[in-house]
Amino acid sequence: MYYPTETRITPLTTIRRERLLPSRGQVLVRPGEVVGPNDVVARCPLPGQVLVVDVARALGVRRERVARFLRKNAGDPVQADELLAAPRGVWGRFRRGCRAPVDGRIVAIRNGLVLMEAAATTLELTAHTRGQVTNVMPNLGVVISTVGALIQGVWGTGGEAEGVLKVLVDNPQKPLRAKAIDVSCHGTLVVGGRILDKQTLEQAVEAKVRGIIVGSVNADLLPVLRAMPFPILITEGFGALPMSTPAFSLLQANLGREAMISAGTQTRWDVRRPEVIIPLRSEELPPEKPGPLALEIGMWVRVIRGPHLGAVGSVTDLPARPQAVESGCRLPVAEVELEKAGKVLVPLANLELIR
Amino acid sequence: MTQDYATIESILAIECGSTITQVLLIDRVEGEYRFIARAEAPSTLAPPWNDVTAAVRQAIEQLADVTGWRFLDPQGRIIQPEYQEAGVDAVVALTSAGEPLHLVLSGIIHDVSLVSAHRALSGTYAVVEGVISLDRREGHISNSDIEGQLRLIQEIRPDAVVLVGGLDGGARGPVLQSAEAVALACSVLPEKSRPTILYAGNADLRTEIAQIIGAEAELRAVDNVRPSMEIENPGPLQAEVEELYLRHKMERLPGFGTLADWSRVQVLPTAKAFAYTIRYLAELDGINVLGVDVGGTSATVASMVDGGFDLAIRSDLGLGYNIAHLLDHVPVESVLRWLPFEIEPVEVQNLVHNKALRPHTLPQTRQDLLIEQALAREIVRLTLADVAPRWPASLYPGLPPRFHLIVGRGGVLGHVPNYGQAALMLLDAVQPVGVSGLALDRTGLLAPAGAVATVNPVAAAQLVARDALLNLGTVVAPLGTAREGEVALTFKIKYEDGRSLEVEVPFGSLEVIPLPARQVATLELRPTRRFDVGLGRKGLAGTTEVEGGIIGIMIDARGRPLPLAEDPAEQREKMQRWLWDMGT
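For the protein sequence lines, the chains are A and B, in the order given.
Those letters in the first sequence? Residues 2 to 356, by my numbering.
Those letters in the second sequence? Residues 439 to 1022, by my numbering.
Hints are computed from structural coordinates only; laboratory data are not their basis.
Each hint should be verified, as a subset may be incorrect.
Derived lysine to aspartate or glutamate pairs resembling DMTMM-like cross-links, with alpha carbons at most 20 Å apart [stated by the list, open to error]: (1) A:Lys199 / B:Glu782; (2) A:Lys175 / A:Glu65; (3) B:Lys932 / B:Glu985; (4) B:Lys930 / B:Glu985; (5) A:Lys199 / B:Glu785; (6) B:Lys630 / A:Asp271; (7) B:Lys630 / A:Glu118; (8) A:Lys73 / A:Glu118; (9) A:Lys180 / A:Asp198; (10) A:Lys341 / A:Asp171; (11) B:Lys930 / B:Glu983; (12) B:Lys930 / B:Glu940.
Because the structure is a prediction, the values reported are computed rather than measured.
One chain only, chain A, in its complex shape (with noise of 0.2 Å):
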């Protein structure tokens, strides 16, 4: 019995996702409440950056001595200029105080000097998806439950975004073509086989597009990627890989339609996949797929490294004993009838269930 990963790649699914606050805040919204994607549902306030002030320094004086001198006290709220010490009496008036570089609040006073933390802004957070807030965690966050498509990516960059898809190829070995990008991609999500070049990259940046959603892309584009300002998400991974055709052909179903990406991708503790929702009209909610699958012959799955990294195919036997791969080394194997390259073995390691 072996439990292969899984990624999603899944039409019409229901979609559950928690929206929670970085810190304890406000829910903005109730139970049943019908959200869309730039809506705020939450809010918190963000603490400001902390400064150190040292006040002995400023006023030229012995870091015991400074108690004395001081005219605020931890916790007070101070506007920027404000004195926040001073000699008193007569040397007061020779001498400068010491004041606020920033409005704000004194979180503390140590060995002459001053810890403040810049005045907090506030964090909204939106909806990010178009669906129906399920479940309030009061000064938490929100579940929020849309009906729709869901595709997972691999890789991720860049944060969220929500836009209409727009596929800029005509299949998915094509990669993404910088003379491609034009004014009509102007607030969309652009689709492609693959990015090529950083010069693709900065006329999406041009074309002020909301983000990219592409197959693979080489690693040594990595640093330039991570500097774009939009999302970017990878379906399969790093090199000159197309799009699998599930997942390129479900995009292009769904061209025109408003879509959401999550690029945040975390694969150890806390594990976050990228990912692109697409919200569905559907007059049912469609059941949740139960959980984890024992890979059984006849399962479509995705072989996630080479030299087949990224076909799809069909589990057609699974031998029993281990067997030989090119390699040399033997392994515990599936037979795969890929889409291309027709019946081959796979390591079950190297193989995910695509749902």
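We have chain A already, so just place chain B on it with the hints.
Relative to the frame of chain A, chain B by itself:
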């Protein structure tokens, strides 16, 4: 435990790694403890499982299929003790799946307290993310830069700040200044995010440090890691960090509670269990032993040199999730030099990043396999570089001390189609000098045996003696230089049956002479006047008894340090030749 362990006949050892979970069955057969069977499953820390024990149960199911034995009750619990042809007498567990501790290290002078602290921390699952010191070293934050220290602690949000510095009775000012800055930084963090402060500096300052830290954070003070210029005392700090790792990381693994309930003794960190076994192997025969374990998220080197034990864990380097970090430390060209074929650097980068995303995948092609082996060489080299300065001065500066036995562990070494590849990885990465035995952890038992020892030392000893090691053979590595092709040494091998063979070994070559496992031969080594076979003098001849193995006797006359060709094409040819020489 003494009256207890004799009653333990069957043991199930569970090792939860970051990518693979293995279970091993040990049982008493004809009065001796033997390894019976092993099964593995991909680890299940991530969704949809979020439970380390799911993989354990999957592996146990496989073990049950293989052995016909029943281990789990209908509720999915391991049956203990063995009763009516089901279950086992004891379970032991170890894991390397926990996230390492993230630390900030604050000290005074790099070459004194900070070096000692680094040494103490290197034997733990911890990553030092930031350093504060008086030195103006690149990447260090200065003790006087209070805002810098504040920002560092705020950004990293470490699990602990390790505060060291000052010999006992020595420096006060900078240590107290650092403590002030750390206390300030803690005071502005939310209470739940405040790091533990581990103080291992000038013992005279403990009271003042306690006053400075006050209620801002939890303070734990241990003996000074560097009480005097001459004395280093890493033990107490190391023990405290281990304890913190257990509390903050291991115990928070999803499903850890169940694993701990199953285990008869405390769940051990894998590196610690591995260290126990390496130490035991060294102490058993009074020899120098080097153990190298290349895991998915960490690499471990345990060594015993002239009675001194050392453990180094690189929690930022591994062949799985952490593989991409390797390229932060070495250029991709360093990996390419271990490959016998031409490949674009970006293809190796692609493979590395894909492996980091899917760490459980296995190389299917020879090219992929050799790239992983090349990456493993670099990981071992970097980990050894951490330990090397701590070894006693070698007879040969810049080279490792003489190891009588070198043991390799980890999937990349164990899962090879040809053991010559594993031997070559060890030879290239360690570059031993003189005469050494080479062995592999054949059944994955080496670390679990360390855990078994805590419930039944006899079982552990018998396992290590009989089942844990796959003897690859003996390597002879002469030290010296000559023109390629010139004779480096002549050796004569006398087999047990009286046959003998004399061979001249040219410089630059790697010769393999078969000598089956469990056979012993006498080796007469006659180096030319430019070569030393580990006897401390060039040209000095010697005779030694060597043990055979699955490869036999390897004469590594390629030179030390291993001369790599600057021309990539020439180096590829060399690499291909070395692989052929090793029969792969």
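Quick rundown of the hints versus the structure:
A hinted pair counts as satisfied when its Cα atoms are at most 20 Å apart, and A:Lys199 with B:Glu782 qualifies at roughly 19 Å. In summary, the hint linking A:Lys175 to A:Glu65 is not supported, as the alpha carbons are separated by about 70 Å, beyond the 20 Å threshold. Straight-line distance between C-alpha atoms of B:Lys932 and B:Glu985 comes to about 12 Å, which keeps the hinted pair within the 20 Å bound. A hinted pair counts as satisfied when its Cα atoms are at most 20 Å apart, and B:Lys930 with B:Glu985 qualifies at roughly 15 Å.
This hinted pair checks out: A:Lys199 and B:Glu785 have alpha carbons roughly 18 Å apart, not beyond 20 Å. With a C-alpha separation of about 18 Å, the suggested pairing of B:Lys630 with A:Asp271 holds against the 20 Å cut-off. For the suggested pair B:Lys630 and A:Glu118, the alpha carbons sit about 18 Å apart, so the restraint of at most 20 Å is met. Simply put, A:Lys73 and A:Glu118 have alpha-carbon atoms about 14 Å apart, close enough for the 20 Å limit, and the pair holds.
Under the criterion of a C-alpha separation no larger than 20 Å, the hint pairing A:Lys180 with A:Asp198 is consistent with the structure, at around 12 Å. Our distance criterion of 20 Å between C-alpha atoms is met by A:Lys341 and A:Asp171, whose separation comes to about 18 Å. Pair hint B:Lys930 plus B:Glu983 holds up; C-alpha atoms about 12 Å apart against a cutoff of 20 Å. A C-alpha spacing of about 4 Å is found between B:Lys930 and B:Glu940, which places the hinted pair at or below 20 Å, so the restraint holds.
Taken one by one, the earlier hints fail for this structure only at number 2.
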